[in-house]
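Make the full structure from the sequences, and use the hints.
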Amino acid sequence: MGDGVAATCPAIEVRDVVKAFPGGAIALDRVSLAIRPNEFFTLLGPSGCGKTTLLRLIAGFEQPTEGEIRLEGERIEHLPPFRRPVNTVFQSYALFPHMTVGQNIAFGLEMQGMTSAEIGRRVTEMLTLVKLTGFEGRKPDQMSGGQQQRVALARALANRPKVLLLDEPLSALDLKLRKEMQIELKRLQTETGITFVFVTHDQEEALTMSDRIAVMSQGHVLQVGTPRAIYEAPEHRFVADFIGETDFIPAEVAAVSGGRASFRLASGAVVEAAAQDLAPGARVALSTRPERLSFGPAGTLEGVVDAVVYFGTDTTFHVALDGGAGTIRVREQNLAGRDLPHGRGDRVRVVVPEAALRAFPEGQD
Amino acid sequence: MSVMDYFRRSPAARRTALISPAVGLIVFFMVVPLGLMLVYSFLQRATYGGVIWQVSFESYIQFLFERDLDDSLLFNSAYLQIYGRSFILAGITTLLCVVIGFPTALYLVQQPERRRNILMFLVTIPFWTNLLVRTYAWILLLRREGLVDFGLEWLGITQEPLGLLYSDTANLIGLVYSFVPFMVLPIYSSLEKLDFRLVEAAYDLGATRLTALRRVIVPLSMPGIAAGCILVFVPCLGAYVTPELLGGGKALMIGNLIQQQFGASQNWPFGAALSFALLAIVLFALVAYSLRFGRGALTEGR
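If you read the protein sequences in the order shown, they are chains R and V.
All residue numbers for the first sequence refer to our numbering, where the first residue is 1 and numbers rise by one.
All residue numbers for the second sequence refer to our numbering, where the first residue is 1001 and numbers rise by one.
Treat the hints with caution; some may be incorrect.
As the list claims (entries may be wrong) - Derived contacts from chain V toward chain R, CB cut-off under 8 Å, selection only:
{"hint": "1", "residue": "Ser1020"}
{"hint": "2", "residue": "Ala1022"}
{"hint": "3", "residue": "Gly1024"}
{"hint": "4", "residue": "Gln1081"}
{"hint": "5", "residue": "Tyr1083"}
{"hint": "6", "residue": "Glu1145"}
{"hint": "7", "residue": "Glu1192"}
{"hint": "8", "residue": "Asp1195"}
{"hint": "9", "residue": "Arg1197"}
{"hint": "10", "residue": "Leu1198"}
{"hint": "11", "residue": "Val1216"}
{"hint": "12", "residue": "Pro1219"}
{"hint": "13", "residue": "Leu1220"}
Claimed, not checked - Partner residues aside, some chain R positions facing chain V, computed with beta carbon under 10 Å:
{"hint": "14", "residue": "Gln91"}
{"hint": "15", "residue": "Tyr93"}
{"hint": "16", "residue": "Gly108"}
{"hint": "17", "residue": "Lys131"}
{"hint": "18", "residue": "Gly134"}
{"hint": "19", "residue": "Glu136"}
{"hint": "20", "residue": "Ala152"}
{"hint": "21", "residue": "Asn159"}
Calculated from the structure, these hints are not laboratory results.
Ideal placement from N, C-alpha and C gives every residue a C-beta, glycine not left out.
Set out below in structure tokens:
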């Protein structure tokens, strides 16, 4: 196999993978994914969506019921975890409590049969990488959560895996530390050039760190794309709902013409948006994002301000649309020296740019 | 001020009051009898059992020496040999119990909750019957042409009866049988606390099953193994019923020796001295253990 072929080969390829647990629960239902080399790839979804199961299948802790998993083109689903060139950072860190930091990091290297001189050098190098120089003699329980996290990273990276798997590694940290570690992880990924597969239920974490995201729900991958594509062009109602703040307004397709459609709301108001595969008369849910909407006399949607929520950087207005068409949120930035534009009970008009709306067929979950 | 008020105001008094029944029980049923034995061990024997109230170190001298005709002391290793035998037998028993008990405990903790409870129940079933009854059952199994001989011959493994009964082998089988649960339970409790994600982490870093066992599971369950060893080794040293019935009382262990002194030999002070020699050795072992595994290791089973 030439270099050219290897370069285009996905780091990890998951093809038609099914994972059924004894008792009949189906954790993964025909999942297919291709993760590119050197990519920061995130599996995002609520708990129970199958993201951790998928990670465990790649690590080798579980075997798929059906389907194949390839690493750089080679099938690995039959290999035990200790024969796979992938390493895992566990949610709970899983540091060996009876070993020092140095011994923890050295563990994988010893398994590879490295000489002790090489191991010593690599351990020092890893500690420098995660900024824990001088900590090799400590026991894990003498360290803070953030430090343990770094040790877990160093231990997993020491073996120079082809792919690093991270199972919600930041969920146990407080907000400030989590933000720091997000940047740290991104730096490590860039410096080492290793493919990262990151599992999280935190959409913000996914958006800020990932090159690409796979949004999962109930054992299915709903959409794979860049953070921008996932946020701005959700292909599925669930994706739109799960990522960012979203309101849904029920509507009916009034007319369709060449990739566009007009929609009639319960109030009788008509809005337009891009749409595909919709027939006139079909019931849809229109999604809007608070920051894409604004107030203005030219607004197509009319309603009454129901609540005003102040956030510091901006303010969110909850607007109850006329005719019981639903409630949408509108966010305005709090500019210096400007009063809040509206108060509770004000009648307002909401401007809806065409690109701010997406239509999802009714019944999609 | 009523008595109740006094207890209500003074936590120290309350603690003392609450702990006193337990302390009383221990003093009355353990410290007093043991003290009595200690005193007996420094007295003179009476001809037909009992003691003469006269201070004497004869019993402890008798443990190591015998008196020649001219009253000079000659070193006598006979009793030390019995102690040595007991230590070797107890050691082998402990080792076999670890070999059997550790995999059993490891298997138990990996079972689903329901089955685990049933299996744990099975492990404790022997405690429901008297040791004597169970040991007699082993006589039936091990005797010449008994069930074990019959089974082995039927399977074609042996051609003639082994006649295991009344041998060290029979003794060992009986000891291992009766002490295995004491090994399984503490190991089980320390393995139960083991986070099996650590084992996954070891696999993930390239450890085979055997390496993960050696480098992660065994070190982390060491306190349980050590506690199990003590729970087996110490009572095994003083085992009486099993060597008496299965070993045929031919090859003496410490327990039988002590019993003899209080029984047939009618030498109570010597029996008491033998008991205290054993107690001293056991205490030494326990102190060594807690020094090795830290304070509280014994009670917490960490």
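In rising order, the numbers of the hints this structure does not comply with: 1, 2, 3, 4, 5, 6, 7, 17, 18, 19
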